[in-house]
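Enquirer: Start from chain X and add chain S according to the hints.
Residue numbers (full-length UniProt numbering), protein chains in the order written: chain X, 1 to 295; chain S, 1 to 295.
In case anyone wonders, no lab produced these hints; they're calculated from the structure.
Possibly wrong hints are sitting among the right ones.
For chains that are exact copies, the list does not tell them apart, and a pair is met inside one copy or across any two.
Lysine-lysine pairs mimicking DSS-like chemistry, simulated, CA-CA at most 27 Å apart [claimed, not checked]:
#	residue 1	residue 2
1	Lys58	Lys25
2	Lys229	Lys87
3	Lys2	Lys273
4	Lys25	Lys161
2 protein chains.
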Amino acid sequence: MKCSIFAPAHITGFFEIIENMDPVKKGSKGAGVALDKGVTTDMEIEDGSGVSVKINGKHDARNTSITYKTIDLIKKEFKLDEYFNNKRVVVKHELEVPLGAGFGTSAGCALGASMGIAKILNLPLTFNRAAAIAHLAEIEMQSGLGDVIAEVCGGITLRLKEGAPGVGSADKLILNGSEEDLFVISKTLGEIETSSIIGDPVYKAKINKTGRNLLSKLLENPDPCQFMKLSRRFSEETALMDPEVLELVEILEDETMGSSMAMLGKTAFAISKTPDTSVEGAIVSKIDSCGCRFV
Amino acid sequence: MKCSIFAPAHITGFFEIIENMDPVKKGSKGAGVALDKGVTTDMEIEDGSGVSVKINGKHDARNTSITYKTIDLIKKEFKLDEYFNNKRVVVKHELEVPLGAGFGTSAGCALGASMGIAKILNLPLTFNRAAAIAHLAEIEMQSGLGDVIAEVCGGITLRLKEGAPGVGSADKLILNGSEEDLFVISKTLGEIETSSIIGDPVYKAKINKTGRNLLSKLLENPDPCQFMKLSRRFSEETALMDPEVLELVEILEDETMGSSMAMLGKTAFAISKTPDTSVEGAIVSKIDSCGCRFV
Chain X
1 MKCSIFAPAH
11 ITGFFEIIEN
21 MDPVKKGSKG
31 AGVALDKGVT
41 TDMEIEDGSG
51 VSVKINGKHD
61 ARNTSITYKT
71 IDLIKKEFKL
81 DEYFNNKRVV
91 VKHELEVPLG
101 AGFGTSAGCA
111 LGASMGIAKI
121 LNLPLTFNRA
131 AAIAHLAEIE
141 MQSGLGDVIA
151 EVCGGITLRL
161 KEGAPGVGSA
171 DKLILNGSEE
181 DLFVISKTLG
191 EIETSSIIGD
201 PVYKAKINKT
211 GRNLLSKLLE
221 NPDPCQFMKL
231 SRRFSEETAL
241 MDPEVLELVE
251 ILEDETMGSS
261 MAMLGKTAFA
271 ISKTPDTSVE
281 GAIVSKIDSC
291 GCRFV
Chain S
1 MKCSIFAPAH
11 ITGFFEIIEN
21 MDPVKKGSKG
31 AGVALDKGVT
41 TDMEIEDGSG
51 VSVKINGKHD
61 ARNTSITYKT
71 IDLIKKEFKL
81 DEYFNNKRVV
91 VKHELEVPLG
101 AGFGTSAGCA
111 LGASMGIAKI
121 LNLPLTFNRA
131 AAIAHLAEIE
141 MQSGLGDVIA
151 EVCGGITLRL
161 KEGAPGVGSA
171 DKLILNGSEE
181 DLFVISKTLG
191 EIETSSIIGD
201 PVYKAKINKT
211 GRNLLSKLLE
221 NPDPCQFMKL
231 SRRFSEETAL
241 MDPEVLELVE
251 ILEDETMGSS
261 MAMLGKTAFA
271 ISKTPDTSVE
281 GAIVSKIDSC
291 GCRFV
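Only chain X is shown next, with the shape it has when bound in the complex:
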């Protein structure tokens, strides 16, 4: 019993936090871009007991907590404690993008875990219901608000209604003509703890004041340049733009269709017609338009 799941990385350009007492209805609205690099999760059931999670071949207490959380939610919902006393679930996440840098890797790990367990144990879950468990894990861990639904949708994603897949609503841009082969160029300078921003009332007020109007502006003119322009405006008006990231953003701005800071990571990103950039050590991807899937 084995399976593999690919979840695209997802960079949010701008967003608005929407609170709700019900965690499947809590989330964010906003826009971002899904990459053809992301998280590939291999899952296997072996003899033994418990759960083992590795990221890029290593144990990593901090960054595997979202995976354990997701599996715990499923264990509780389906009363699987006894099953896991007699079987061992081995989860291996391979990441093509950095952790904690605004690429939605926690959502990718959560999706890999929930989709994998649903499939491998033949649980009575549909695709969206399995993905909703990944969203719940993200909300409980405060590691993300909207990456799960965006990674399920793919493309240059629009999160039109907050919440888990099947509860919220996502859409994507139609890329016109030569835009089909756009590149996403990104460069990471370090990590930002998502919870340190989305849990801070001052940042939250700024984010929501700025983010609220941008989605309708993107819907009026739904194209990649407008997405990048609004993302840049968001990063500056919220004062989330890091000065070091700004230096990279300004270099990328000259070379691409538009650039901004990934929400939330110490990462500059841009959408470009070419893979070329003067920024050393940049990650160059294409856009993933199919979304999270079994591979």
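Expert: Chain S alone, transformed into the frame defined by chain X:
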């Protein structure tokens, strides 16, 4: 200026008709399967005027009306009459499945037309909004109620809430283990005019009485065998099962995971672990899990 769109064929197993004065909210709930064979639409803008539509290389007044309807809706919404006085849109649909036989080809043609025009003319439409125009065309022509949202979703599709993409809600089954490589086997004996069934009050009452409860039964046990079992029950309890189709359904039942009649076509279909069948001239496909996309 050229583009290509693939829309998977979609066979509905069971459904319920939901009326609404607002055509984007009108549609059906139910379940079906999207095939990796379908409609590929090539679109091109040339000098000249008007719109030319061909199916498999031929003019076809009856089966191209959905495409003209879709383009008309877009022309009205974006006031494009003048544009089309000076430019000619050439639309070529290539179909890998039969017309009028329950494969959702009208929805595939409508999706090809709406996505193609949105892209080629750089209209301010998102993916779901362009798809919603295809749904509107289907409702106005009474050619389908739920194929558009199912063909956008892909997979063994669940239409949980009726309406256009972005208004209704779709989900899909997680296929377990060996089910990843399932085959869809179908054999067509002839056409059924969708409007002759969904416009008939007696059939409609039977469809809705039977269809209403089946979706929740599939959600309790979301797997391909259950989908086929409920589809078979629907085709018999509604008296939609054609006697000639029944003969094929019974042969396929013995050879596969389950079989039924396509809604709505004189077509038997089955989901199977192997591509082998004793039914001569059967169409053998796999399941498409990504949904309608630019190619």
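Enquirer: Next, verify each hint and record whether it holds.
Expert: Hint by hint, here is what the structure shows:
| no. | hint | verdict |
| --- | --- | --- |
| 1 | Lys58 x Lys25 | neither (34 Å within a copy, 49 Å between copies) |
| 2 | Lys229 x Lys87 | neither (50 Å within a copy, 32 Å between copies) |
| 3 | Lys2 x Lys273 | between (38 Å within a copy, 18 Å between copies) |
| 4 | Lys25 x Lys161 | both (9 Å within a copy, 17 Å between copies) |
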